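Q: Line by line, the protein sequences give chains V and U. Using full-length UniProt numbering, the letters of the first sequence correspond one by one to residues 1 to 439. Using full-length UniProt numbering, the letters of the second sequence correspond one by one to residues 1 to 529.
No lab work stands behind these hints, which were simulated from the structure alone. This structure is a prediction, so every number in the text was calculated from the model and none was measured. Check the hints yourself; a few may be wrong.
As the list claims (entries may be wrong) - Ranges between beta-carbon positions, derived for each pair: (1) V184/V with P382/U: 58 to 64 Å; (2) R345/U with E27/V: 35 to 41 Å; (3) G182/V with G381/U: 54 to 60 Å; (4) N62/V with V526/U: 56 to 62 Å.
Unchecked claim - For lysine-lysine, the following DSS-like pairs were computed, each having C-alpha atoms within a straight-line distance of at most 27 Å: (5) K84/V with K528/U; (6) K415/U with K155/U; (7) K363/U with K415/U; (8) K66/V with K499/U; (9) K193/U with K66/V; (10) K84/V with K499/U; (11) K528/U with K29/V; (12) K408/U with K66/V; (13) K105/V with K401/U; (14) K29/V with K108/V; (15) K415/U with K65/V.
Said to hold, decoys possible - Here chain U is said to cover these stretches of chain V; the calculated rule only asks that three of the stretch's residues, wherever they fall, bring their Cβ under 8 Å from a Cβ of chain U: (16) 59-69; (17) 144-156; (18) 379-389.
Where a beta carbon is used, it is the ideal one built from N, C-alpha and C, also for glycine.
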Amino acid sequence: MVSTAGENAAVYDVRLSSVVPASITGEDKVHELCNMDLMLKLHYVKGIYFFRSGAARGLTINDLKKPMFECLALYSTLSGRVRKSEDGRPFIKCNDSGVRIAEAKCSKTLDEWLAFNDDSLNDQLIYSQFLAPDAGFTPLVFVQFTWFKCGGISIGLSWAHVVGDAFSASHFINMWGQILTGQVPPHHLDTYNPKNQKKFPSPLAKVPLSIQRVLLDPDGGHWLLSNHRKMRTHSFHVTPKQLNRLTEEAKLLKPFEVISAMIWKSLAKTSGKAEEPKIVTLISGTWDKENELPSNSRVIISTIEAAEAPPAQADLAELARLIAQTQEDETHLVERVMDQKGSDDGESRDFILYGARLTFVNLEKMNIYALKMGGHHQPVFASYSVSGVGDEGAVLVLPGPPPGTESGEDEGGRVINLILPENQLEELKYQLGNEWGIH
Amino acid sequence: MLQSLITHSTTQKISLLESNFWITLLTSSPSFKMPQRSPEFSGSVKLKYVKLGYQYLVNHFLTFLLVPVIAGILLELIRLGPDEIATLWKSLQFDFIQILCSSYLIIFISTLYFVSRPRPVYLVDYACYKPPVTCRVPFSCFMEHSRLILSTEPKSVEFQMRILERSGLGEETCLPPAIHYIPPAPSMEAARKEAEMVIFSAVDTLFKKTGLEAKDVDILIVNCSLFSPTPSLTAMVINKYKMRGDIKSFNLSGMGCSAGMISINLARDLLQSYPNSIAVVVSTEIITPNYYQGKERSMLLPNCLFRMGGAAIFLSNRRSDSIRAKYRLLHVVRTHKGADDKAYRCVFEEEDPEGKSGISLSKDLMAIAGEALKSNITTIGPLVLPASEQLLFLISLMGRKFFNPKWKPYIPDFKQAFDHFCIHAGGRAVIDELQKNLQLSAEHVEASRMTLHRFGNTSSSSLWYELSYIEAKGRMRKGNRVWQIAFGSGFKCNSAVWKCIKSIEIPTDGPWSDCIDRYPVDIPEVVKL
Numbered sequence: 001m002v003s004t005a006g007e008n009a010a011v012y013d014v015r016l017s018s019v020v021p022a023s024i025t026g027e028d029k030v031h032e033l034c035n036m037d038l039m040l041k042l043h044y045v046k047g048i049y050f051f052r053s054g055a056a057r058g059l060t061i062n063d064l065k066k067p068m069f070e071c072l073a074l075y076s077t078l079s080g081r082v083r084k085s086e087d088g089r090p091f092i093k094c095n096d097s098g099v100r101i102a103e104a105k106c107s108k109t110l111d112e113w114l115a116f117n118d119d120s121l122n123d124q125l126i127y128s129q130f131l132a133p134d135a136g137f138t139p140l141v142f143v144q145f146t147w148f149k150c151g152g153i154s155i156g157l158s159w160a161h162v163v164g165d166a167f168s169a170s171h172f173i174n175m176w177g178q179i180l181t182g183q184v185p186p187h188h189l190d191t192y193n194p195k196n197q198k199k200f201p202s203p204l205a206k207v208p209l210s211i212q213r214v215l216l217d218p219d220g221g222h223w224l225l226s227n228h229r230k231m232r233t234h235s236f237h238v239t240p241k242q243l244n245r246l247t248e249e250a251k252l253l254k255p256f257e258v259i260s261a262m263i264w265k266s267l268a269k270t271s272g273k274a275e276e277p278k279i280v281t282l283i284s285g286t287w288d289k290e291n292e293l294p295s296n297s298r299v300i301i302s303t304i305e306a307a308e309a310p311p312a313q314a315d316l317a318e319l320a321r322l323i324a325q326t327q328e329d330e331t332h333l334v335e336r337v338m339d340q341k342g343s344d345d346g347e348s349r350d351f352i353l354y355g356a357r358l359t360f361v362n363l364e365k366m367n368i369y370a371l372k373m374g375g376h377h378q379p380v381f382a383s384y385s386v387s388g389v390g391d392e393g394a395v396l397v398l399p400g401p402p403p404g405t406e407s408g409e410d411e412g413g414r415v416i417n418l419i420l421p422e423n424q425l426e427e428l429k430y431q432l433g434n435e436w437g438i439h
Numbered sequence: 001m002l003q004s005l006i007t008h009s010t011t012q013k014i015s016l017l018e019s020n021f022w023i024t025l026l027t028s029s030p031s032f033k034m035p036q037r038s039p040e041f042s043g044s045v046k047l048k049y050v051k052l053g054y055q056y057l058v059n060h061f062l063t064f065l066l067v068p069v070i071a072g073i074l075l076e077l078i079r080l081g082p083d084e085i086a087t088l089w090k091s092l093q094f095d096f097i098q099i100l101c102s103s104y105l106i107i108f109i110s111t112l113y114f115v116s117r118p119r120p121v122y123l124v125d126y127a128c129y130k131p132p133v134t135c136r137v138p139f140s141c142f143m144e145h146s147r148l149i150l151s152t153e154p155k156s157v158e159f160q161m162r163i164l165e166r167s168g169l170g171e172e173t174c175l176p177p178a179i180h181y182i183p184p185a186p187s188m189e190a191a192r193k194e195a196e197m198v199i200f201s202a203v204d205t206l207f208k209k210t211g212l213e214a215k216d217v218d219i220l221i222v223n224c225s226l227f228s229p230t231p232s233l234t235a236m237v238i239n240k241y242k243m244r245g246d247i248k249s250f251n252l253s254g255m256g257c258s259a260g261m262i263s264i265n266l267a268r269d270l271l272q273s274y275p276n277s278i279a280v281v282v283s284t285e286i287i288t289p290n291y292y293q294g295k296e297r298s299m300l301l302p303n304c305l306f307r308m309g310g311a312a313i314f315l316s317n318r319r320s321d322s323i324r325a326k327y328r329l330l331h332v333v334r335t336h337k338g339a340d341d342k343a344y345r346c347v348f349e350e351e352d353p354e355g356k357s358g359i360s361l362s363k364d365l366m367a368i369a370g371e372a373l374k375s376n377i378t379t380i381g382p383l384v385l386p387a388s389e390q391l392l393f394l395i396s397l398m399g400r401k402f403f404n405p406k407w408k409p410y411i412p413d414f415k416q417a418f419d420h421f422c423i424h425a426g427g428r429a430v431i432d433e434l435q436k437n438l439q440l441s442a443e444h445v446e447a448s449r450m451t452l453h454r455f456g457n458t459s460s461s462s463l464w465y466e467l468s469y470i471e472a473k474g475r476m477r478k479g480n481r482v483w484q485i486a487f488g489s490g491f492k493c494n495s496a497v498w499k500c501i502k503s504i505e506i507p508t509d510g511p512w513s514d515c516i517d518r519y520p521v522d523i524p525e526v527v528k529l
C-alpha cells in the first residue's frame with residue numbers, strides 16, 4: 001500500500017486512473033479459470049524496475065499510458081474482473097474495465113532510494129490492492145510510475161497470480177516496453193495448450209504436500225490471506241564469484257538448486273530441531289516463448305523431502321543433490337484437489353501454495369532486464385516478489401543485473417528475494433553473511 | 001449475478017418510484033411501438049393510391065391550372081390561323097418609347113428581384129473530431145470509477161448504473177483525459193488542453209479536406225456552452241492559426257446543445273451582409289470542467305450521457321464555392337420557450353446542497369421538449385411541406401377550430417418534405433419521442449441512434465456526426481433534403497434544412513471510417529453490465 005502524506009513519506013502526490021484496451025473485446029467474453037489458477041488465487045506477483053533519468057527523458061505520463069492501451073488490446077483477460085458463476089466457481093469476465101495506473105513522485109533521488117537497500121520500502125512504489133472485499137470491481141493488474149527527484153523513474157507492477165504466473169507478468173510488461181519504443185506488436189497472442197493431460201482415478205491417490213487449505217474470513221470475500229507471523233522481505237545479491245564458490249562446494253553446476261540448498265540448510269540451522277523444514281516446495285516454469293497469453297498452466301510444483309539426514313546437519317553437496325534428483329512432481333495432484341467434491345463439500349476451497357511449506361521459486365530464466373525504455377535504456381535494477389505468502393515463507397531466485405547495466409558485472413549473478421517471518425530473516429542474514437559473505 | 005457482489009447497496013432501499021421515473025423519462029419511451037400492420041391490407045393499399053393521387057394533384061396544382069389555359073390559347077391560335085396572327089401582330093403599334101420603358105421596367109424589376117434575393121449559403125464541407133482510443137471509456141470502467149468516487153453513496157451509484165444500462169451508449173464513447181482520474185482532476189489547464197485537442201484537430205482536418213487556408217477565413221464562430229475562458233475559444237483558434245486581423249469573430253457560450261444551429265443561423269446572417277466571404281463554424285462541448293462530483297440524482301445524468309466531440313464547418317457565399325459545395329442552406333428556424341418559467345428552469349446549472357455545481361434536469365423535460373418541437377414544426381411546416389400536406393393540415397386545423405374540437409390533429413407527413421433526419425442525440429428518450437411524434441421509421445432515426453451509441457451525447461456537434469453517418473452509409477444523393485433538429489437549455493428548439501447539391505462519394509476518412517461496417521448495431525433495451 002502507498003503511504004499517505006506524513007513526515008517521512010518519500011512517495012507523494014499519488015494519482016490514480018485507468019487504462020482500457022484500445023479495441024472492444026466484445027460482449028460476453030469470459031475467461032474460465034483453471035484449477036491451478038484458483039489454487040494460486042491468494043497470491044500476488046510484484047515486480048519493480050528502476051531506470052535512470054535518461055530513460056524517461058521527455059516522456060509524459062500520457063506517453064507512458066498510450067502503449068498500454070495497445071498492449072491491453074492483446075491481453076483481454078487482464079482488463080477483466082472476477083465474477084462468480086452459479087456454482088460459486090470464480091471466472092473472469094472480459095469487460096474492458098482495464099488496469100489501474102498510479103502516478104507518483106518521490107522526494108529522494110534514485111541513488112538514495114537504492115542505497116536504502118530495504119525491500120519493504122518498495123511497497124510504496126508498487127500500488128496494489130487485494131481482490132478482497134470487492135473482487136468484482138478490483139483490477140487484476142496495477143502499474144505505478146514513480147518519478148524520482150533526479151529524474152529517474154520506477155515502474156511497479158502488481159499482478160494477481162490468478163491471471164498468470166510471474167513469467168506472464170514479465171512478458172506483459174516487456175510487451176508494453178516494446179510498444180513504447182515503437183515496435184509493432186503482434187496481431188494476437190497464442191494460447192498454451194498443454195498436450196499431456198494425465199487422467200487420475202477418481203479418489204485422490206495421494207494428498208499433495210505442497211498446498212495448505214486455509215480458512216478465510218468470509219467478509220474478505222475469500223480473496224485475502226492473513227498471516228499469523230509478521231512477514232518481511234529482504235533481497236540478497238549473489239555475485240558470480242560467490243556463485244562459483246557455491247557451485248564448486250556443492251559439486252553441482254545448477255545455481256538454483258545450490259542456492260536453494262544453501263538457504264534450506266541455513267534456515268534449518270536457525271529454526272532449531274522442532275521447526276526444521278523437512279519438506280520444501282519447488283516452483284518452476286517452462287516458458288520458452290514470450291508471445292503467449294498469460295497463464296498458470298506452465299507452473300510446475302514439486303516437493304522434496306529430507307527423509308534421511310536433517311537438513312541442518314547435511315552437507316551442502318548432499319542437499320543440493322537431493323534437490324536436483326529427488327523432486328516429486330505434484331502439479332497434477334494439486335490440480336486434482338480443486339476438483340474434489342462430495343465429502344469435501346462445506347470445507348474451504350481456499351488454498352495457499354507459496355508459504356504452505358518453505359517454497360523455492362525458480363525465476364532464473366525470467367527476462368526481466370529485457371524491459372527497455374527509450375530504445376536502449378535497460379533497468380538499473382529489477383526484481384520480483386510475491387505477496388500473500390504463507391507463514392513458512394518463500395525464496396525467489398532471480399537473475400542478477402546483466403553486463404551492460406550499471407551494476408551488472410559478468411554474467412551469472414543472482415538476486416535472492418526472501419519473504420520470511422521477521423525473526424527468521426534476521427538470523428538468516430547473519431548466517432549468510434558469516435558463512436558465505438552474501439549480503 | 002451483479003447484485004450478489006454489491007452487498008451494501010442491496011440492503012438499502014432506493015426510492016424505486018423516483019428512479020424509475022428518471023430512467024423512463026430519459027432513457028426509454030415505453031409507450032413507443034412499431035406501427036402495426038393493418039388487417040385490411042387491400043383497403044390500405046387503395047387508400048395509399050388515393051393519397052398519392054391527391055398529392056400529385058395538389059402539389060402540381062399550378063401546372064394543372066396552366067394546362068387548360070395553354071390548351072385554350074393553342075386552340076384559339078389554331079382557330080385564328082397564321083394570316084390572322086400576322087395581322088394581329090402588325091396591328092399592335094409599338095412606340096419606341098413604349099418599348100424602351102417596358103424593357104427598362106422589366107430590367108428594373110428583374111434586377112430588384114435578383115439583388116433582394118438572399119445570398120445562397122453553401123456548406124462546402126465539414127469535419128468531425130474523432131477522439132483517440134486513449135480517451136475511451138467502456139461501461140464497466142465508468143461504473144467502477146463511479147463506485148470509487150461515490151463510495152459513500154451506493155444509491156447514487158446504483159442509479160447511475162441503471163441509467164447507463166438503458167442509455168443507448170456503446171463501449172467506444174470517450175471522455176477527456178482529466179476525467180479518467182479517480183477522482184477526476186478538472187483544472188482550467190486541463191479544460192484548455194481538451195479544447196485545444198478537440199478544436200484544433202477538427203479545424204486541421206477541415207483545412208486539409210478543403211484546402212482552405214487560415215488567412216482566407218472572414219468569419220469565425222465558436223460555440224461551446226459550458227467552458228468560456230478569457231480570452232475566448234475563438235481567440236484561441238485565431239491565435240493558433242494566425243488568422244487575419246480583420247476577421248469577424250464570435251464566441252457563443254451558455255446556449256446549450258442547440259447552439260450549433262444558432263451558430264449556423266448567425267453565420268448565414270453575416271454572410272448576407274458580407275459578400276464573397278468564408279465563415280468557419282466550430283461546434284463543441286468541453287466536458288472537463290463540468291463533470292459533476294456530487295450525489296444529486298438529477299445532476300448525475302449528464303455525467304452518464306455527455307461525451308467528447310466537436311465539429312468544424314466551412315460555409316461560404318462565394319459563387320466559386322457553389323461548384324464544390326456539398327449542401328446549400330435552405331432554412332433555419334429558431335424557437336425559444338424561455339418566456340415560460342418551467343421551460344426556463346428545466347435544464348438549469350446550479351449548485352447542489354453541498355456546493356458542488358452541476359446541471360440539473362427537471363422532470364418536465366420531455367413535455368417541454370415536445371412543446372418546443374411543436375412550435376418549431378408549426379413554423380417550419382409551411383416553409384418545407386408540399387402543398388398537399390399543408391392543405392390537409394389547414395383543413396384539419398379549421399375543422400378542429402370551427403366544427404369539432406375532438407378531431408384528431410393531423411400530423412403532417414414530414415417524410416415527404418425530407419429525405420434524411422438528424423435528430424440531436426440527446427438521449428434515447430428524445431429520439432424515441434421524436435420518432436413517435438413525427439411517425440418516422442427506424443431507418444430515419446438510425447443516424448441519431450448510432451451516433452448516440454458510438455459517440456454518446458456530444459451536444460451541439462452530434463448533428464454533424466449524424467450527417468457524417470448518413471454520408472458514410474452512402475445514402476446521401478444529390479437533391480436530398482436534410483433536416484437537423486437540436487434541443488437545448490433555455491428551452492430552445494432550433495432546426496436547419498439543407499439541400500444536397502453535389503453527389504457525395506462515401507468518404508474514406510472521417511469519424512466513422514473504421515467502424516461504419518459494424519453499423520447499424522442492434523441496441524438492446526438494457527445492457528447487462
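Q: Please go over all the hints and tell whether each is borne out by the structure.
A: Status of each hint after checking the structure:
Between V184/V and P382/U the Cβ separation comes to about 60 Å, which falls inside the hinted range of 58 to 64 Å. In this structure the supplied range 35 to 41 Å holds for R345/U paired with E27/V, their Cβ-Cβ distance being about 40 Å. Our hint of 54 to 60 Å for G182/V and G381/U holds, since their Cβ atoms are close to 59 Å apart. For N62/V and V526/U, the Cβ-Cβ distance of about 35 Å falls outside the hinted range of 56 to 62 Å, so the restraint is violated.
This hinted pair checks out: K84/V and K528/U have alpha carbons roughly 15 Å apart, not beyond 27 Å. The hinted pair formed by K415/U and K155/U fails the criterion: a straight-line CA distance of about 43 Å is larger than 27 Å. With a CA separation close to 30 Å, the supplied pair K363/U and K415/U exceeds the 27 Å bound. Simply put, K66/V and K499/U have alpha-carbon atoms about 42 Å apart, too far for the 27 Å limit, and the pair is violated.
Straight-line distance between C-alpha atoms of K193/U and K66/V comes to about 17 Å, which keeps the hinted pair within the 27 Å bound. Proximity of K84/V to K499/U is assessed by CA-CA distance (about 55 Å); at most 27 Å being required, the pair is judged violated. As the CA atoms of K528/U and K29/V are separated by approximately 13 Å, the hinted pair is consistent with the 27 Å bound. Only pairs whose Cα atoms come within 27 Å are accepted, and K408/U paired with K66/V is rejected, the gap being roughly 58 Å.
This hinted pair does not check out: K105/V and K401/U have alpha carbons roughly 75 Å apart, beyond 27 Å. The hinted pair formed by K29/V and K108/V fails the criterion: a straight-line CA distance of about 44 Å is larger than 27 Å. Annotation: proposed proximity of K415/U to K65/V is violated, straight-line Cα distance about 48 Å (limit 27 Å). Counting residues of the region 59-69 of chain V whose C-beta sits closer than 8 Å to any C-beta of chain U gives 4, which meets the bar of three, so the coverage hint holds.
Counting residues of the region 144-156 of chain V whose CB lies closer than 8 Å to any CB of chain U gives 0, so the stated coverage by that chain is violated, three being the minimum. For the region 379-389 of chain V, the stated coverage by chain U is not satisfied: 0 residues place a CB nearer than 8 Å to a CB of that chain, which falls below the threshold of 3.
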